[in-house]
Amino acid sequence: MTKEERLKKRHRAEKRFRFYGLTSIFVALLFVVILVQNIFSKGSSAFKKTIITTEVFFDQELLEIQNGASQEEIMEADFYDIMIENLIKAYPAKNRDEEDELLKLFSGDAEIEIKKAFLNDNKLIGKTITLDLTASDDIDQLHKGNYPRDLPEERRRISDFQLVIYDYFVENKKISKNFNNYFFNNGDSRDPELAGIGGALVGSFYSILICLLLAFPVAVLASIYLEEFAPKNKITDFIEININNLAAVPSIVYGLLALQILLATIQLPRSTPLVAGITLALMTLPRIIIPCRASLKAVPPSIREGALAVGASKFQSVFHHVVPLALPGTLSGTIIGLAQALGETAPLILIGMVAFVVDIPSSPIDPSSSLPVQVYLWSESAERGFVEKTSATIMMLLSFLIVMNFIAVYLRQKFEKRWN
Amino acid sequence: MSNVKIKSKNLNVYYGDKQALFDVNLDLNEKEVTALIGPSGCGKSTFIRCINRMNDVIDICKVTGNIEMDGININDKDLDVVSLRERVGMVFQKPNPFPKSIYDNISYGPKIHGKGETKSELDQIVENSLKKSALWEEVKDRLDEPGTSLSGGQQQRLCIARAISVNPEVILMDEPCSALDPIATAKIEELIDELKKTYTIVIVTHSMAQAVRVSQKTGFFHLGKLIEVGKTEKIFKNPDNKMTQDYITGRFG
Chain A
1315 MTKEERLKKR HRAEKRFRFY GLTSIFVALL FVVILVQNIF SKGSSAFKKT
1365 IITTEVFFDQ ELLEIQNGAS QEEIMEADFY DIMIENLIKA YPAKNRDEED
1415 ELLKLFSGDA EIEIKKAFLN DNKLIGKTIT LDLTASDDID QLHKGNYPRD
1465 LPEERRRISD FQLVIYDYFV ENKKISKNFN NYFFNNGDSR DPELAGIGGA
1515 LVGSFYSILI CLLLAFPVAV LASIYLEEFA PKNKITDFIE ININNLAAVP
1565 SIVYGLLALQ ILLATIQLPR STPLVAGITL ALMTLPRIII PCRASLKAVP
1615 PSIREGALAV GASKFQSVFH HVVPLALPGT LSGTIIGLAQ ALGETAPLIL
1665 IGMVAFVVDI PSSPIDPSSS LPVQVYLWSE SAERGFVEKT SATIMMLLSF
1715 LIVMNFIAVY LRQKFEKRWN
Chain B
4 MSNVKIKSKN LNVYYGDKQA LFDVNLDLNE KEVTALIGPS GCGKSTFIRC
54 INRMNDVIDI CKVTGNIEMD GININDKDLD VVSLRERVGM VFQKPNPFPK
104 SIYDNISYGP KIHGKGETKS ELDQIVENSL KKSALWEEVK DRLDEPGTSL
154 SGGQQQRLCI ARAISVNPEV ILMDEPCSAL DPIATAKIEE LIDELKKTYT
204 IVIVTHSMAQ AVRVSQKTGF FHLGKLIEVG KTEKIFKNPD NKMTQDYITG
254 RFG
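As they're listed, the protein sequences go chains A and B. The working numbering puts the first residue of the first sequence at 1315, with every later residue one more than the last. The working numbering puts the first residue of the second sequence at 4, with every later residue one more than the last.
Do not rely on the hints blindly, as some may be mistaken.
[To be verified] Sample of chain A residues at the chain B side, in silico, Cβ under 8 Å: (1) I1379; (2) I1617; (3) G1625; (4) G1657.
Calculated directly from the structure, the hints in this document are not laboratory data. Bear in mind that the values here come from a model prediction, so they are computed numbers and not experimental data. Every residue gets a Cβ at the ideal spot worked out from N, C-alpha and C, and that includes glycine.
Please put together the full structure from these sequences, using the hints given.
Dropping the structure here:
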């Protein structure tokens, strides 16, 4: 081979390598785009809900309370008759069967929505107001175009007569979409139009908070001790190897551990963010210790020597100089560890967070769900309305993860000191 | 004849199984500059790191023998290294200012030793230290800028100021000019000349010329042994040992 040939061959090899690299980046991006596009196209409609604009007349005869009733009285009062009487007027139905079909177009919370209107203004008796009532899941999906109406009637969840009413609503501009506050405020529900991630959000928040409070101080102190103070001997090596091993243990094993120790032995309340937080803290601990130690290691020894040489004690050199310099790396490692914990599902399923919880937890010892578990729960549900809810929850989860990772990167870029 | 400040007696240093220094007996005179020369890995740096017990940081390092400073053995297990390092300052090969402001770099030492209780006392210490290290005029208007923003030579003078700030008796310099250009080097050498009026200085250097320029006494190390020590003039003009002769004339090293 001549010199030129060899040179050409080397250039070709480099070109080939660049091509492979570019191709793999392109393929990776393509997958990301497909994934995001898929989730968005399925999930974005969940942020809107379909509402039916209905006139509601508060008939004194159908209510046992008066104008100016107190909150408790209203809460206890029965609004069922008011609801029925007003809803069947939304469309000129001819008989009982048609009225029943008409009523099914509204969500199961129509009575509560009417009651809430009265709670806001307790002098409505004898008056007629216009209310935006939530539509049932079937109508919601139909209106959003997620439900095919050209199927034969027996294979549809919506009857031909209901389609007629729907078309009547559309024609009279009684049906529209607005912001789906239920999705953010409500807990889980059997009815997709009423189901929300409120409970899962609060549950995830408590879990991650407890995880942070437990894991962060322990991980940081353990890292500082191991990196700066521990004698370099076989015991330290053994601990180091095992921390690395623990970080690789499948998360479901931590779930089993929590099930046995926290639930069976210590008898902590099942399905609660408290147990979830402790479990996630155990799981996250080694995952924070590793980046923590790495950032301590990255502080050049010359800084330690400089401090020691002016007479700082070991403790002072570590806490005055090394730790502040390692802090950005430590914090970003912690945030990434927490982001992983936020997305963790398996251990939470084992400690009972898959339970169907309607109420939004008011403390870490109330039964609760969490975002990833909510995704899992809804993805198993048959109703069409849960498909968009599942994707929308994934969108929420992903945006939290992206924000957390962004903060981590920002902390590192902005505050990390560079040497040389 | 000047007083002996530091006296090493049968000093042996081991890094694990490897012996780095063999029976070093060396006297360092007070308010004088002693230069240590020798090829890389000969133990010069190891020797000066024994004087402020910097070798304690290295787990596998073991030091036997005595180093007496003002007649007290500083290689004693019970000796408090913090107060020793207050008396023996050190300047490293590569400038290593803390990534903090110039002011904080210098005030750190006095602060942890409880010198300079008030702000004005600290200000005074910072100013004096910077003046002694000939950096004051260059940085007096930007004391709150990071020490790392200075040039290499300025950084090294900042490190010298930091060492001076706790008012030590001895300053150890481990090849302080090896990372600097000739102009910065000249400034540091001038500074050393000035500092020796107040401090006992030990400098490790690879430059014969530097040793000749700054030191009054020179020790030549080879393979962990102190081959020859004497007045700088004598070592460079008329060494007793053949090996010293070969080294200073550039025949090996």
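List of violated hint numbers, smallest to largest:
Violated: hints 1, 4.
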